[in-house]
Structure formats: C-alpha cells, structure tokens
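Make a model of the complete structure from these sequences and hints.
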Amino acid sequence: MSETKTALVIGGGIAGIEAALKIGQSGYKVLLVEVAESLGGVLEKLYNSYPRYENPADLIKYKVEQLNECPNITVMTQTKVISADQKPNSYLVKLQNKSEAKEVEVDAVVIATGSQMLDVTSHGEYGYGHYDNVVNSLEFEEILKEWATNKDKVTPPKTVAFFKCVGSRDRSKGYPYCSKICCMYTAKQAGVVKEMFPDTKCYVFYMDYRAAGREYEEFVRSVIEDKKVKYVRGRPAKVLPEDGRLLIRAEDTLRGMPIEVTADMVVLAAALEPSAGTKEMSNIFPVKTDKYGFIDYETNEVMKTGERIYYAGACSFAVESLGAMHQGGAAAAQVLALFNQEN
Amino acid sequence: MPSSTTPMTADFFKAIKLDEIDNSFQQELLDNCGIDLNTCLECGKCSGGCSNTHIFDITARQVVKLIKMGEVDSLLKMDSLWTCVSCQLCVDRCPASIDIPRIMDYLREVAYKNQIPATREQVLVFHELMLGHIEKGGRVEEGFLAMEFNLKTGDYFKDVFDPGMKMFFKGKVNPFTPKMKKRDETRRIFKMTSLRKG
Amino acid sequence: MNVAYFPGCSLHGLSRAYNSSTHLVCDKLNINLQEIEDWNCCGATAAHSLNHKLSVSLGARNLNIAKNMNLDMITVPCAGCFGRLKTASYELRNNPELAKEVAEIINAPAPVEPEVTNLVQFFTEQVGLEKIASKVVKPLTGLKVAAYYGCLLTRPSKVVAFDSPEQPTSMDDILQVIGIETVNWSHKAECCGGGYAASETDIVVDLSGQVVESAKNAGADAIVVACPMCHTNLDTRLGAIEKSRGVKYDMPIIFFTQLMGLAYGYSYRQLGFRQLLNSASPLLKKQGII
Chain A
1 MSETKTALVI GGGIAGIEAA LKIGQSGYKV LLVEVAESLG GVLEKLYNSY
51 PRYENPADLI KYKVEQLNEC PNITVMTQTK VISADQKPNS YLVKLQNKSE
101 AKEVEVDAVV IATGSQMLDV TSHGEYGYGH YDNVVNSLEF EEILKEWATN
151 KDKVTPPKTV AFFKCVGSRD RSKGYPYCSK ICCMYTAKQA GVVKEMFPDT
201 KCYVFYMDYR AAGREYEEFV RSVIEDKKVK YVRGRPAKVL PEDGRLLIRA
251 EDTLRGMPIE VTADMVVLAA ALEPSAGTKE MSNIFPVKTD KYGFIDYETN
301 EVMKTGERIY YAGACSFAVE SLGAMHQGGA AAAQVLALFN QEN
Chain B
1001 MPSSTTPMTA DFFKAIKLDE IDNSFQQELL DNCGIDLNTC LECGKCSGGC
1051 SNTHIFDITA RQVVKLIKMG EVDSLLKMDS LWTCVSCQLC VDRCPASIDI
1101 PRIMDYLREV AYKNQIPATR EQVLVFHELM LGHIEKGGRV EEGFLAMEFN
1151 LKTGDYFKDV FDPGMKMFFK GKVNPFTPKM KKRDETRRIF KMTSLRKG
Chain C
2001 MNVAYFPGCS LHGLSRAYNS STHLVCDKLN INLQEIEDWN CCGATAAHSL
2051 NHKLSVSLGA RNLNIAKNMN LDMITVPCAG CFGRLKTASY ELRNNPELAK
2101 EVAEIINAPA PVEPEVTNLV QFFTEQVGLE KIASKVVKPL TGLKVAAYYG
2151 CLLTRPSKVV AFDSPEQPTS MDDILQVIGI ETVNWSHKAE CCGGGYAASE
2201 TDIVVDLSGQ VVESAKNAGA DAIVVACPMC HTNLDTRLGA IEKSRGVKYD
2251 MPIIFFTQLM GLAYGYSYRQ LGFRQLLNSA SPLLKKQGII
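Protein chains in written order, with the numbering used here: chain A, 1 to 343; chain B, 1001 to 1198; chain C, 2001 to 2290.
The hints are simulated quantities; they were obtained by calculation from the structure and are not laboratory data.
Keep in mind that a hint or two might mislead.
Said to hold, decoys possible - To give an idea of the chain C side of the interface with chain A (calculated C-beta under 8 Å), a few residues:
no.	residue
1	ASN2107
2	PRO2109
3	GLU2166
4	GLN2167
Unchecked claim - These stretches of chain A come out as covered by chain B in the derived footprint (C-beta under 8 Å, 3 or more residues):
no.	stretch
5	166-180
6	232-239
7	248-260
Fair warning: this is a prediction, and the values are worked out from it, not measured in the lab.
Using N, Cα and C, we set each Cβ at its ideal position, and we do this for glycine too.
Structure below.
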C-alpha cells in the first residue's frame, strides 16, 4: 500500500468527518480542513436529533476522539481553501489559515461544505429581522439549548408557532424545491417544546408533512398524538406585532376559514441553499453544479462530481445528519477504491 | 312527512364527476392573461392575509380552485368580486406568484360584459360614473362625481355634512379643476374598447 | 433636473395640498417638474376593474405624450395613478400583441418608456437622501410619525420593483433625514380600502381603522402618506373610524411633501395644511415647529 496518497476533505461537519475517518482508518493520509474554530458543522449547533432524540454532541465527541486517535489524519481548523490547480493525477491546493498560507498536493478531494439557511428577510410578511422573537429554525435550536440549561429560570412561552416551507416550494421569493428535512426537524422542535413546557401551545403551519424515512412517520404522529402539537394546514400570510406578542394570520385550508393566533415566538423553517463555502468550492474545483449551486452528481458513480473529486452531505442537497454521515462513508469508499486501484 | 316532491335524501354532497369538468376558463386565463393555475400549491397564503377575506363569500384560494373545477358561474356572481380592494397582497405573497388581482379583474370584466348583476350595485354605479367622467372629460372631478353618485344611488345626503361640508369649508373641494383639451382622444379610446355594444 | 410630472385628478382636486407641496419641495431641490401636457385620467380602480384594455390604453396615451417630451422619466405622486401607469408600461412591454392593439386604439405609438417612478422612489433613487437632507433649514425634531405606504407604492413587486412590498423603508428614510422620528409599526403596507371611499364606506372604515389603531399603538402622533387615496380615506373617515371604534385618535394625516416643505422653510399655509380635515396645527405647535 502506498504511503504517498493523500485525500483532502473540505468541511468538518459530520459528512466530512466520516469521510476523513474512513479514508484515514484505511491507511491513507487525510487533510481535513474546516473554516470554523471547531469541528461539528451544523450538527454542533443542534439541541438534539430526530427521530430518536439523541444528543448530537455525543456523536461529535465520539467521532472527534476517533479522528484524534488516527495518526494519518491532520485536522486544520480555521483554514480555507484558496485555490486549486489541476495536475494530471492530483490537485495542487493552496490553504490559508490565520497566520500562514500553505500549498499541498492531494490525490483526491472530498467536498463536504454543507448548506445554509436562506436569509428570510426576503419574506417581509413574517417580519424576520424586524420583530423580536421571529427566528429561523437554526437559531431556535440555540434557544432550545438555552431553555434546557436554564429551565427553572425561563418563563415558558404561552404559544410557539412554527412555519414550514419558508422559501422552500416558493418560486416567487425562494426556491421551487422542497428542503426535505424541515418537516422532521420542525416536528422535533415542537415536540421538544411540549416536552419542556407541557402547558405551552405549539402550532405547526404546514402545506404537507413529508415524513419519508425510517421511523419518520411514527415520529411525526407521536408529536401530534402524544405531545399534543397542533398541526394547521395553511401557509401563514402575515405576522403582525401586537402588544409585545405576534399575531399570525393564516387560512385553515381544510376548514376554509381565516384563522388568527397570537404567539410569543415564531420559528421559520427557512429553505436550505448551498452554503457560501459550497459556492466557493464549486468555483475553485472543476465540479458539476445544478442551477441552484448545489454540487451535482455523476450518473454512474456514487458521490462523484468531477475528476478525482467527490462530495458528501448537504453541499449537494439538503440531507439529515444520518444521511450525511452515510454519504461521508460512501465518498470515502470511492476515494479508497481509486487509491487502491492506482497502487 | 316529506312531500312527494321532496327527495328523501338531499344531494348536498353529490359527487363531482371529475372527467366532466370544463377546463376552458382555466385555459382562457392562461391564453389571455398568461396565468397558469396549475402552479397553485393550494397553501392558502393568499386568503390567509387578504385584506377583506373576512367579508368574502368566496376566498382567493377558493377562486383559483373553483376555476380549476370549472365552476365559473358562481364566481361571476360572487360578492367578493365587488369587495376585493386590489391591494396586491395576495400576488406578492403567493409562492407561485399567481396574479389573483388580475384574475379578479378578468372575472369582473366577464361578468360586466355579460351583464351579470353586481351584488354591490353601488360599487358598479361608482365605477360607471367615474368612467363616464373620463369618457366625457378625460379627467375626474371628485366633487361632482360624489354628488352624481348620491343622486344615482338615491342616498342624497351620504357624506354631505360629514365629511362633505367640512371638506368644502377647508377648501379641499376644487370647483375649478383644469380641464383636458383633446377630449376626442379619450372618447376614441372608450369607443374602441367598449365592452357593451350600444 | 428635468422630469415629466403626472399629477392625476386627485392632485387637482381633493389633494391639492399634495400637489402644491410637491411643487414647492421640488423647486427647492432644483427639480423641474414638467407636467405631461393634456394628460388624461389613469382610469383608476374603475377602468382596471371592468376593462383591462381600456385601462392599459388610458395609460398608454399618457406614456406616449410623456415620451414626446424627450424626458427619460415620469414621476407620479399619486400611488394609484403610479400603479396604473406602471402596470400599463409593464403590460405593453410583456405583451406585444396587446401593445399593437393599444397603439391602434390610441391612434399613436404605445411606448413602454419613459420609466415610471412614484415620488418617494424618485426622491430616494434619483435625488438621494444626502441632497434631500442638504436643503433642510429647520429639522422637524420632536415629531414622531408612522410612515404609511399602503399598497401601490411598492406592490405588485414584480411590476413596481421598488423597496420591500411588506417592510418598506424608503419614506421612513426621507422623513428621518429631515429630523423626524418614524415608528416601527405593523400596518405600514396594509390596505386603507382603496377606491371604495364613496361606494363601500364600511370597508374603508374597517381597513383604515386598523391602520390608524396600529399607528396609535406604535406611539405615532401622525400618519404620513404618499397617496391621495390613502389620505382621503384616512383623513375624511377618521371621524367615522373613531365613532365605530369608540376611540378618539387625534391623528392628523399628512402628506410627506408637506413635512419636507416645513423642513425646507415653507409656511403652514403655503403647504396646504389648512386643507387637512384633522388639523396638524396642535401637534406642530406643541413641537415648536409652527
């Protein structure tokens, strides 16, 4: 087995971590670069996961320990990929961290730069950025963490409303696609609130709930049936601040009547779009992208998007953490097959 | 006892035969206004924030649905046609940008052309008086328009004292508005676009 | 700066104060408003409600006259007229078949230019806040108002393409640079009832009532508008609104150009403040402005 082959994994979320681990554990060298201060990506920001209410911090801790134990893997945080030169069988890549620039030659690349939430100030009707207590779902995970930490000191909200499809399935001000994971994390968040504060009323405004996945349908049903979260079929039209609270106007489309509810907090499940890093990488590397800027796939090869370039996780489309981890493993398999064939 | 003419079971929910639905109006909207109702997600965001949904007999979302179900007759007679304020909230919020205000205009125009009575007669009277002003003089004189409206609707003293007289004494009402000169040009426009013959 | 000017019927009628204050303010800003010669009514709600082709044709005639003035921009103080002219231009641009027909109807070319802007848009985009601020001789400090945009200054956004249709800020910006505090409020882009002032007064009292109530709750001492329809609905129906809600609001409804005019040193009388049914004088006196 050659000692010289090196893979560059860009992005230290769960997909990148898994790809780096499997390549490194198989005996090849790995450079794992992450732009943030620490590893963990979006997962690190989450209060818990669905459908089993697990703590993502435990998963990250376990994975990072494995990374540290693997001598083949070098982790570089606060590091950016600046440029890449394609050579016959490698890429010459320039890396930049806080203090220095560095050039490395790598034999394969795994892009795992993830997605980000649409800036929903685009949807002025909901008042994000204008009214207090209108937050996006990722910000709400932080709030859940804080509530959990200071549970005894927090005044429970009387009502929390969740809006799904904010910028998803919206060709007017967002994206025509479904962002895939919002139905599930919204159900989870509403369920968590009810778990913490049983007297708080939770309303989920939905067009459809899409629960296609192992244990997913059962999960959403349990949120509705056991945790008593109310699902309302209709996309809210307007949020109006009123006496320090938020008046929501919508139509219950099954009843065919306008409805109003006053909430203390509105959580917007904003569309997922390619992250800034994903867009940068698709400019630097010869990869395929779709019309939204997500990394596109090659028809006959798993997780492949260009010559010696593979991808994993939400940089190619919205995906839940378990799926991202699986994709990291699949991308690693491709890199390993390539490296083994060339030895 | 039900009489012999009363059916034992009323057909409140008689099944609609899907394959007998007349889609011609939906096609007409696409052809004439470029509005494709197949893009509707049926989310209700239009009606949820509509300025006047609380007084609509048929809501914005239902208007789209009824066109798709071929039930145009009831739309041409609906009250919402004459209470829609064209505030453009629905079209700007619609995730598919369906131009509902334009649909409302289109329905109103068809209803007007076919002389289907408006449920709010006074709204139509006002529109007609206003168009009459423009046809004759090219411009609208608000004071006269209001007076004519009262005469026409028989509500002679509507707004006369409050706010009418107040407005007069504040010098708001201008009896000497500058007139338009080439009135033949606006008359020509009215003649060439006339919906009702004669 | 030269610009074609479409005042519309209301500015020659009930909203003359808006017309006169606009002229005064533009004088100060060295803007030469050239009224579109022999313009016709935009057709308002009546035309677009009943006859699309008529509505576009009425707009097209005005556009054609303006084009012959060799100016590249029209500014329209009335949000309603602005909406109709802008929509006419939009329809003519996107529907060549209709454009051909309309040209025949008006017996003249049906151009899509000059570009149609509303007055708030013209001030913010063409004149600029810096210049607007530079002419202030008396900052209107102490005034706390709600800038009310209503529907047609910013909607439909695909046609108007100016500011935000739900959370507009352009008029707030103008008011702020002349020293006024504007409140953050919920109904700045909700509807006042539009063209139903005379025919369905209840609708106007209901919708305008929500607007006034919301402005009051946000702590505003006045509502500032850029539309004669909004002005007429709010100003003339305030009495009815107060009666129906059982609340005394004390809420003058002022055109934004009237306040600009005060900041530029023009007098209360010159700016047509006396034509307001709900006098702004106690408020302006209280703040030492007049």
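Hint check:
1. ASN2107: violated (38 Å)
2. PRO2109: violated (33 Å)
3. GLU2166: holds (3 Å)
4. GLN2167: holds (4 Å)
5. 166-180: holds (count 6)
6. 232-239: holds (count 6)
7. 248-260: With 8 residues closer than 8 Å to chain B, the stretch 248-260 of chain A meets the three-residue bar; holds.
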